[in-house]
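S.K.: If you want the building blocks of each chain, they are given just below.
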Amino acid sequence: MVLHPADLGRRFTSKLHDERVAAWLGTWLGISFTVAFVTGLMSHFMQHPYAWMLWPSRPVNLYRFTQGLHVIGGLATIPLLLAKLWTVYPKLLEWPPARSIGHAVERGLVFLLVAGALFQLVTGLFNIAYWYPFPFFFTVAHYWTAYIVFGALVIHVVNEWAKVKRNVLPGSVRVPASPERRRFFGLVALASGTIALFTIGEAFSPLAPVALLAPRRPGIGPQHLPVNKAAAEAGVLDMIHDPGWRLTVTGRVRRSLSLSLADLHALTPRTVRLPITCVEGWSASATWTGVRLRDVLALAGVAPDARVRVESMEPYGIYRTSEVDWPHWHDSLTLLALGVNGAPLAADHGYPCRLIAPDRPGVLQTKWVHRVVVL
Amino acid sequence: MKKALLYGVGGVFIAIGLFGLLTNTADTHPVGWAVWFGGAAVLHDGLLVPVVLVIGALTTRIPLPYRRIIQAALAFAGVVTLVALPFVLGYGRHPANASILPLPYTRNLLIILTLITATALIALLLKYRSSR
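Protein chains in written order, with our numbering: chain A, 1 to 375; chain B, 1 to 132.
The shape of chain A in the complex, shown without the other chains (with noise of 0.2 Å):
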């Protein structure tokens, strides 16, 4: 039996692949990626500032809540996004392929929404799971290609919008309430938050005990603390245990510094409660000893609004510096932190030395530092 294309999407018998169900899907999508862009944009303009841009140090929690939203929101939209796709698949079969340049045009738009909106939510997902099988650099790669899906998205809202108005807001038609549809919208949202469920507790530590495909779990590390690089990877280890350790503090300062352990834990200590907030999503409370920066750079006599590097003794890599503007160093939980958890902090977690401030992505959170350059 010969099939002609025109037939086949006749072939499609299931009232779900219907108007109404794909303009409700739609909605929900249309509203889970502008989050995912938005909270997306904040996590990379915390680390890429523009110079321009100061981001604030409270409350503590905000980046914690913004970047858990982005990930476990995206994992939660990919049975949305799967079900939508399924709802309109007839349509890819549409014959003929295009009836005009304008369809034609429309169609390789929808396709930039498609395509980019599988490969964010596909590559999101290796990331967490530390899974690189392309050859391109996920955080660049995975930036650049949210403006495309977002402005394919801008486009394909503004071409659906009457099946919008007509299916989802209010005046929308009414039609016979359908058992069917709301059945599937019921097994869509099941299983939306099933996988919300079970991954969640890598960032709300209550739900840890059933995070069963969470890719981290607060409390498993060293130090009951998860860690993004270990001092081994970092090829630190040679360095952090010098007895001729010194913090060094220079740049635009009154006064240099050089301060051994014995000078640091001389200095009024601090104990706060903090998360480390990683980009992949999870984070984790600790307790942490040491002392303010505020202080450290008191000493050394700074410009009240001075921009600070602080830098690791890692040798290599894009996060061995990171930069830390007034409203964070102002602020009295950032820590040159020497203890975790009640004890000196492992090797993984940074010793001797490591940062700790609030709201601000883990990979800034820099370790076994040994410098701060005042800019």
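Bear in mind the hints are in silico, worked out from the structure with no lab data behind them.
Wrong hints could be hidden among the right ones.
[Unchecked claim] Pairs of lysine to aspartate or glutamate residues, derived as EDC-like cross-links and limited to a Cα-Cα distance of at most 20 Å, are as follows:
| # | chain 1 | residue 1 | chain 2 | residue 2 |
| --- | --- | --- | --- | --- |
| 1 | A | K15 | A | E94 |
| 2 | B | K2 | A | E106 |
| 3 | B | K127 | A | E180 |
| 4 | B | K2 | A | E160 |
| 5 | A | K91 | B | D45 |
| 6 | A | K163 | A | E19 |
| 7 | A | K91 | A | E160 |
| 8 | A | K91 | A | E19 |
| 9 | A | K91 | A | D7 |
| 10 | B | K3 | A | E106 |
| 11 | B | K3 | A | E160 |
| 12 | A | K165 | A | E19 |
[Stated by the list, open to error] Partial list, computed: chain A residues near chain B (C-beta under 8 Å):
| # | residue |
| --- | --- |
| 13 | L75 |
| 14 | Y89 |
| 15 | L92 |
| 16 | G116 |
| 17 | L118 |
| 18 | W131 |
| 19 | F134 |
| 20 | P135 |
| 21 | V140 |
| 22 | V158 |
| 23 | L212 |
| 24 | E233 |
[To be verified] Quick look at which bits of chain A chain B covers, simulated, 3 or more residues with Cβ under 8 Å:
| # | region |
| --- | --- |
| 25 | 77-88 |
| 26 | 177-190 |
All of these numbers come straight from a predicted model, not from anything done at the bench.
Ideal Cβ positions, reconstructed from N, Cα and C, are used throughout, including at glycine.
Put chain B on the given structure of chain A with help from the hints.
M.R.: Frame of chain A; chain B shown alone:
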């Protein structure tokens, strides 16, 4: 007018994305990126959905009241398995860092699949009893 403006906004975002991908080639590897970008759509449209459609077509042989339960359970189990797969495969494990992928993901996925199967079986049983 408003429509044209929004098309413009969307077009600018797409242009920014393409510009970024094509000017940061050391990190983005545009050819490799294009393979994964297009490949995601091709594998989804050409493999994943057809497999789902074939399984869906096979389930139409099951009597209607039971069919919906089985279809729902299969779709549910399928999507959870897809999401769990990178963790189950565990290629991202680091020998020097045991806090990455620390859980027994195969066992955990089996627990969840067992829960889904058990729920479906109970639903089937209730359906069977109510139909008698």
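S.K.: Does each hint fit the structure? Answer for all of them.
M.R.: Tested hints:
no., hint, verdict
1, K15/A to E94/A, "holds, 18 Å"
2, K2/B to E106/A, "holds, 18 Å"
3, K127/B to E180/A, "holds, 16 Å"
4, K2/B to E160/A, "holds, 14 Å"
5, K91/A to D45/B, "holds, 11 Å"
6, K163/A to E19/A, "holds, 7 Å"
7, K91/A to E160/A, "holds, 14 Å"
8, K91/A to E19/A, "holds, 11 Å"
9, K91/A to D7/A, "holds, 12 Å"
10, K3/B to E106/A, "holds, 14 Å"
11, K3/B to E160/A, "holds, 12 Å"
12, K165/A to E19/A, "holds, 12 Å"
13, L75, "holds, 6 Å"
14, Y89, "holds, 5 Å"
15, L92, "holds, 6 Å"
16, G116, "holds, 7 Å"
17, L118, "holds, 4 Å"
18, W131, "holds, 4 Å"
19, F134, "holds, 5 Å"
20, P135, "holds, 3 Å"
21, V140, "holds, 4 Å"
22, V158, "holds, 5 Å"
23, L212, "holds, 4 Å"
24, E233, "holds, 5 Å"
25, 77-88, "holds (count 5)"
26, 177-190, "holds (count 3)"
Comparing the model with each earlier hint shows no violations; every hint is respected.
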